[in-house]
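Novice: Here's the letter readout for the chains.
2 protein chains.
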Amino acid sequence: MTNPTNPPALQPGTLRVIPLGGLGEVGRNMTVFEYEGKLLVVDCGVLFPEEHHPGVDLILPDFEPIRGRLDDIVGVVLTHGHEDHIGAVPYLLKLTRDIPLIGSGLTLALVEAKLKEHRIKPYTLTVREGQHEKVGPFDLEFIAVNHSIPDALAVAIRTPAGTALATGDFKMDQLPLDGRITDLRSFARLGEEGVDLFLVDSTNADVPGFTPTERSIGPVLDQVIAKAPRRVVVASFSSHVHRVQQVLDAAHAHGRRVAFLGRSMVRNMTIASDLGYLKVPEGVLIDYKKAKDLPDDRIVYMSTGSQGEPMAVLSRMANLDHAIEPGPGDTVILASSLIPGNENAVYRVIDGLTKLGATVVHKGNAKVHVSGHAAAGELLYCYNILRPRNVLPVHGEYRHLMANAKLAQDTGIPSERTIIGENGTVVDLRDGVASVVGQLDLGFVYVDGSSVGEITDADLKDRRILGEEGFISVIVVVDASTGRVISGPEVHARGVAEDDSVFDDIVPKITAALAEAAGNGVRDNHALSQVVRRTIGRWVAQKLRRRPMIVPLVIEA
Amino acid sequence: MTNPTNPPALQPGTLRVIPLGGLGEVGRNMTVFEYEGKLLVVDCGVLFPEEHHPGVDLILPDFEPIRGRLDDIVGVVLTHGHEDHIGAVPYLLKLTRDIPLIGSGLTLALVEAKLKEHRIKPYTLTVREGQHEKVGPFDLEFIAVNHSIPDALAVAIRTPAGTALATGDFKMDQLPLDGRITDLRSFARLGEEGVDLFLVDSTNADVPGFTPTERSIGPVLDQVIAKAPRRVVVASFSSHVHRVQQVLDAAHAHGRRVAFLGRSMVRNMTIASDLGYLKVPEGVLIDYKKAKDLPDDRIVYMSTGSQGEPMAVLSRMANLDHAIEPGPGDTVILASSLIPGNENAVYRVIDGLTKLGATVVHKGNAKVHVSGHAAAGELLYCYNILRPRNVLPVHGEYRHLMANAKLAQDTGIPSERTIIGENGTVVDLRDGVASVVGQLDLGFVYVDGSSVGEITDADLKDRRILGEEGFISVIVVVDASTGRVISGPEVHARGVAEDDSVFDDIVPKITAALAEAAGNGVRDNHALSQVVRRTIGRWVAQKLRRRPMIVPLVIEA
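In order, the protein sequences belong to chains G and L. Sequential numbering of the first sequence, starting at 1, is according to my numbering. Sequential numbering of the second sequence, starting at 558, is according to my numbering.
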């Protein structure tokens, strides 16, 4: 990371922007806007852990820069209802419940359902595209954008210091299922008026061309379902209302009924249909418990687990650990992306299902998924219609941010006006010029079981060593006054070798090393521990060619 | 796995085939053929560990079925020089060095270099396409096949019981760089003569269509290198002679010299050029130490590390942990596949290089890789030209084997003549009919540091728990006769919580539980350990909502 540098005190007439998450990573999107002492937060998401975060449940943005200023927050705008934009809201509201949440109908309904599990009832302000709201010193205008969840909004933030436009996640499907396109007319109007800072989704900036329309998936689903001889299971993201809509329509067209499987699928689709985002054809839904009385060729199960998550419905089906046991003639469609890092888990599920006799249709062998993010070609349209004065690419790994900045420059925005930031980069906007004025030192906040922010990177390093190499503990009880060994050394190992007899050789060596140390007058517990650690560490490295964690436990009695 | 069933004693006039590895997995390919008491082994490879094999270096086939019969082995045919086909040879030869290795010139040269590191000098028989060899009761004929390494061979195995054909890994590039195509004329001739059992590469059986020609990569490399303003680094597999050839040619065409980086790249390319498989244009190679004296636009580095392996050259470059430090204007080409499971590691490398200012060209944004395996369209050609009586798909996960069997059936081979096997499936061939007659119970043999086969699945389970959750150990010293606590309980944890004071609450509870047990006359160490385990285990589950490994250590003094 760039070396931390404290930003100067915020000058009057200046808009300060600090991304707390989402830069250099895909997830935990969160940006803080400050003007005249008041703070506006846009999004508050989680990051899902990778293999170098063993055991961690979720990763939150570091709230440190706003922790002492909770009373200054005038609102949290949530651009859409995906976890990487709303998942950290419960943890923010646990600091104070007074912050109003601002978002579209569907977005707030999904957040409220999540908050209910944390027993939090939030203050909310429901907005829709075209709406203006004055929140503290910030004049907000909400603009429709198209994404892989309905009712997503971009937000224009006007202050006397200038206008920022944050896209949230978006793409530019020109024929979306709900007819609600990304509102380029408003982008054009804002561009005419002058946008000083454009915070723009970078997720697919390194993908050439254009994201195909969601509508192209319908005929593929239709064809697969038409030909399926027995049961059909479709797995997808539980918030992808339009994907589910196309499954419902295809099932309906072929006289099949649909049962939702998986807690989040049931919950989200209930919300989406209650609010009118999901149009359920008359009589198509059926409770999954009743579905098994239907003939096999009359049912489609719509389930979670498309990323191979071990506890989700699809993995459990593949392991015959679910009431629905797939078999020959059944068809399983993974209508989803394959998020990097999940490949092996997903392939294990595909393999398990294939082994049970099911036919598995997935991204690798059929066009059953399109992305939710604007590819390079779409982003060029945006830059050309908006012509922003300054650009801050957000939402993406470094390579995505770089690719996005390059696109901006290709449309004529000077390179000194495209800012590659990190989490904690402090950007001040004044007189139409955005400049980096500081860099905060932000960390990762791990949710681990019931603990939030207690597990540190040192603990994760310990876990990685333990997970790769196991540990060896050596217990010795010594007489406090003489240093004489009363009991032990006992050597216990886990994850190291099949049986502890491999350590028989080392016990006399430890005893001898301790006797020598005691003879030299060493009494201190820590020093004796070091003697044990050195003796066994050297032996293990040589004999086993491994470096397990060595845990010497010298007890005085 | 299918329940183990012992096969019947092998009848005279029957050919028995047992795959020991490579079925249900991509790697550790090894098949044993038995006729009249003699054994022929085809390939002997390793499997690379995935994330559920933490700390493991390599996975070997289970040699158990041949361990007591080493003297019966008449030879090991190695179809080509990739690790998943030759990597376990040193471990087999450690059991006995008397087994001759049979393979092409390049294959044996690569195996010999590997064996040298293990200080083993093998008996070898070099063969080439068209050659026949009688090895024990097996009449072998070697047939040229095209793959992502030169000099690959299929082997026809003739016995009085019938003829088997094992493809090894192959594809059917019709315009390969070296002009050495998969010899379909010989396939046709064998087909006329009658092939009873076809063991066929399944790796790409679920990929529709045809693998593009290796030759299509040359112009892309040429164009990228032509436009590169400064240094170029190309990373690829260190055995991919033709890929390296195209890099040499492109570099040469643009007046650049090439330096090899990485131990395996240097070693393999020295072998390949010594044997004439790599044609090095006059004066193009340069030692990497001298390369840095060249102008930046006159050099191409050809390196290892295309899979994001942390210790390989490319990862070290990305971490500025290598003498060559990439910077703005440099171009890095990852001319390689992205093996599932390596995505995050590779993306971290791409990100690191991008951050340093390098332009990264990879499979995701340019056509710089083609597969080494026949896709579905090519396999159909094979089946149609060969028309085998029985098919045993090999080399692949279950879904690949299934897809391959389906292709065989599409060409008219009856489904009862396509065998979906597992490692250890015993197939007997007699009178033109192949049947499954048993299933051996085979395991995974882990190479872990200096140990081979000592680490068990239980150890790996321990490592996974330790890696996800950490451990808590509780040490108590008790008086052997009274059960009274003399010292402790001391609670130590690693990978669990930031500081051990979180356990202050539990110490008095453990003391009380032990006192109660002692009062009830419990003296047994194991029983007292269980008291400790239960007390702290319950507390941790409730208080931290985690399940770390609990290690109670009750010591008598």
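Hints are supplied without guarantee of correctness; some may be wrong.
Quick list of the computed label-pair ranges, beta carbon to beta carbon [to be verified]:
(1) L/937 x G/253: 27 to 37 angstroms
(2) G/541 x L/878: 13 to 23 angstroms
(3) L/674 x G/365: 55 to 65 angstroms
(4) G/512 x L/878: 10 to 20 angstroms
(5) G/481 x L/1007: 50 to 60 angstroms
(6) L/1072 x G/274: 54 to 64 angstroms
Here are some of the chain L residues that sit facing chain G, going by a computed Cβ distance under 7 angstroms [unchecked claim]:
(7) 894
(8) 956
(9) 1010
(10) 1069
Residues of chain G clear of chain L, computed beta-carbon distances all greater than 10 angstroms [what the hints assert, rightly or not]:
(11) 340
(12) 364
(13) 477
(14) 495
(15) 553
Calculated directly from the structure, the hints in this document are not laboratory data. Glycine included, every Cβ here is placed at the ideal spot set by N, Cα and C.
Novice: For every hint, state whether the structure bears it out.
Specialist: Hints, one by one, checked against the model:
1. As the Cβ distance of residue 937 of chain L to residue 253 of chain G is approximately 33 angstroms, the hint placing it in 27 to 37 angstroms holds.
2. At roughly 22 angstroms, the beta-carbon separation of residue 541 of chain G and residue 878 of chain L lies within the given 13 to 23 angstroms, and the hint holds.
3. Roughly 41 angstroms separates the CB atoms of residue 674 of chain L and residue 365 of chain G, a value that falls outside the hinted 55 to 65 angstroms.
4. At about 39 angstroms, the beta-carbon gap between residue 512 of chain G and residue 878 of chain L misses the expected band of 10 to 20 angstroms.
5. Between residue 481 of chain G and residue 1007 of chain L the CB atoms are about 41 angstroms apart, so this pair departs from the stated range of 50 to 60 angstroms.
6. Take residue 1072 of chain L and residue 274 of chain G: their Cβ atoms lie about 58 angstroms apart, and the range 54 to 64 angstroms holds.
7. Hint on residue 894 of chain L is violated. Least Cβ distance to chain G is approximately 12 angstroms, over the 7 angstroms limit.
8. At a threshold of 7 angstroms, the smallest CB-CB gap from residue 956 of chain L to chain G is about 4 angstroms, leaving the interface hint in force.
9. This hint is violated: residue 1010 of chain L has a C-beta 9 angstroms from the nearest C-beta of chain G, more than the 7 angstroms allowed.
10. Hint on residue 1069 of chain L is violated. Least Cβ distance to chain G is approximately 20 angstroms, over the 7 angstroms limit.
11. Listed as outside the interface, residue 340 of chain G is inconsistent with that label: its C-beta sits roughly 4 angstroms from the nearest C-beta of chain L, within the 10 angstroms cut-off.
12. Against the 10 angstroms criterion, residue 364 of chain G falls within the reach of chain L, whose nearest CB is about 7 angstroms from its own CB.
13. Distance check for residue 477 of chain G against chain L: the nearest CB is about 5 angstroms away, which does not clear 10 angstroms, and the non-interface claim fails.
14. The claim that residue 495 of chain G is not at the interface with chain L is violated, since a C-beta of that chain comes within 10 angstroms of its own (minimum 4 angstroms).
15. Separation of residue 553 of chain G from chain L is inadequate, the least Cβ-Cβ distance of about 6 angstroms not exceeding the 10 angstroms criterion.
Violated hints, listed in ascending order, are 3, 4, 5, 7, 9, 10, 11, 12, 13, 14 and 15; each of the other numbered hints is respected by the structure.
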